[in-house]
Amino acid sequence: MKEFFARHGVRILVAAALVAVALSALSYVSETSSFLHDAAGVVTAPFRAAAERVGRWFEDKRHYYEDYNDLLAENAALREEVAELRANAQQADRDREENALLRELLDLREQRRDFVFESAMVLERSTSNWARTLTLNRGTAHGVAVNNAVVSGEGYLVGVVTAAGANWCTVQTVTDTDTEFGARLFRTGDVMIAEGDFTLMGEDRLKATYLPEDTTLLVGDYIVTSGLGGAYPSDLVIGKVESVRVDDDGLAQYAVLAPMLDFDTLKEVFVIKAFEIVE
Amino acid sequence: MLTRREQIIKWSVYGAAVLALTLLFELTLRDVTLLGAGLFLPPLVVGVMASLEGARAGAIFAIAYGALCDLTTAGAFPCVYTLAFTLAAILCAALAQSLLQQGALCSLAASALTFLVLDALQMLALALAHRAAFGAMLSLTARETLVSCPMLAAVHPVLSHLHRRFTL
Chain A
0 MKEFFARHGV RILVAAALVA VALSALSYVS ETSSFLHDAA GVVTAPFRAA AERVGRWFED
60 KRHYYEDYND LLAENAALRE EVAELRANAQ QADRDREENA LLRELLDLRE QRRDFVFESA
120 MVLERSTSNW ARTLTLNRGT AHGVAVNNAV VSGEGYLVGV VTAAGANWCT VQTVTDTDTE
180 FGARLFRTGD VMIAEGDFTL MGEDRLKATY LPEDTTLLVG DYIVTSGLGG AYPSDLVIGK
240 VESVRVDDDG LAQYAVLAPM LDFDTLKEVF VIKAFEIVE
Chain B
0 MLTRREQIIK WSVYGAAVLA LTLLFELTLR DVTLLGAGLF LPPLVVGVMA SLEGARAGAI
60 FAIAYGALCD LTTAGAFPCV YTLAFTLAAI LCAALAQSLL QQGALCSLAA SALTFLVLDA
120 LQMLALALAH RAAFGAMLSL TARETLVSCP MLAAVHPVLS HLHRRFTL
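First to last, the protein sequences are chains A and B. First residue of the first sequence: 0, per numbering that gives the first Met the number 0; consecutive thereafter. First residue of the second sequence: 0, per numbering that gives the first Met the number 0; consecutive thereafter.
If you're looking for bench data, these hints aren't it; they were derived computationally from the structure. Ideal Cβ placement from N, Cα and C applies to all residues, glycine included. Accuracy of the hints is not assured; some may be wrong.
[Stated by the list, open to error] Pairwise CB distance ranges, derived in the manner of DEER restraints:
1. ASP92(A) / GLU25(B): 52 to 62 angstroms
2. GLY164(A) / TRP10(B): 19 to 29 angstroms
3. GLY164(A) / ILE59(B): 19 to 29 angstroms
4. ASP246(A) / LEU1(B): 21 to 31 angstroms
[To be verified] Straight-line distance between alpha carbons at most 20 angstroms, and here's what the computed SDA-like set of lysine to any residue pairs gives:
5. LYS272(A) / ALA140(A)
6. LYS266(A) / PHE165(B)
7. LYS272(A) / PHE185(A)
8. LYS266(A) / ASP30(B)
9. LYS9(B) / LEU107(B)
10. LYS272(A) / THR134(A)
11. LYS266(A) / GLU25(B)
12. LYS266(A) / LEU26(B)
13. LYS266(A) / ARG29(B)
14. LYS9(B) / ALA141(B)
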């Protein structure tokens, strides 16, 4: 082979160069590809396609790993962003709740400029089945005293402080058996007594007794504190009339009142430390 | 007979166990209401302790535990828990010594008795102060006892296990 190329190599090279030049000249002057050119294309097409596919596969793999790494980084960044947005949303919810409470308090303050409030959180609800009390996180150190009335942000009566320590106080809710308020029918001004009742306590209700003879109570009538005697502020909503019943002895009527609040979900309340007595 | 040091250890462990049971109750069953009555743990603790420890130790425990309940839990009148638990502890100890052998059944009877004594005092106070209906109060007593006694499944094993460890 070596000898063959040594003897004919120059000739072969010249021949190949002539063929190449001829093919180039033909391809230049011809409108279509020459037979040889065409044949070479047909023969090499599968190999070129395979090479292209293999190249593309490698390219895809390279892109895949590049994309995967990018996605991982993007995912981590998005997770951080979501966590941040969630934290912001939670903070916004807390701010919204606080804002609503402060607006309610502002409304209440606008309505009753004589009230001196102390905001308090409900720490505990009574576990006993025989009493309905709440424990608040404000006490004598904050100016809270026994017999202070406690209201919700909307101005609905929650109850009365019955015991106060340095940084806590116990509130007897309006449905407790021991609770008693001078009350007034808001629609007519008729006075009565709103008091807790053992049988109704289990249903979170209280009753209005000593109803004037000529009083006509309607379901949905508002019963408010009368303020008579000056023990408690006037016009705090105790509850709505739910039904009118007759006593066990059949001699007198009483109204079942539904408080305006759900004591189980109450979180923040306001203790009225001072108010103007209106006789 | 336990030495003074052993007595201190025993009652400290009892105290820790009662505290743990109370915490567990507060975290899990505090807001559970069945048949219109909430679950109430203290009478179970007093009943079981008195039936296990006898009249003297049971009554001393009942006084301390009752005073703690009076300070932290609302009742029909002040010191209702101290009075009721002391009386109930003496009765429960008598029950455990004369009628029933110490055990789950005795704890159940003692707990029911403690509920009965406590609620009887509360009924008396409310009846005198507010003319509250006896029917409604008896119904609440029955429901409260009924829904609370299943908690003995946790209270009795813990306290009786400690009792056995320190006594036998």
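Hints that the structure is at odds with (numbers, increasing):
Hints 1, 4, 6, 7, 9 and 14 not satisfied by this model.
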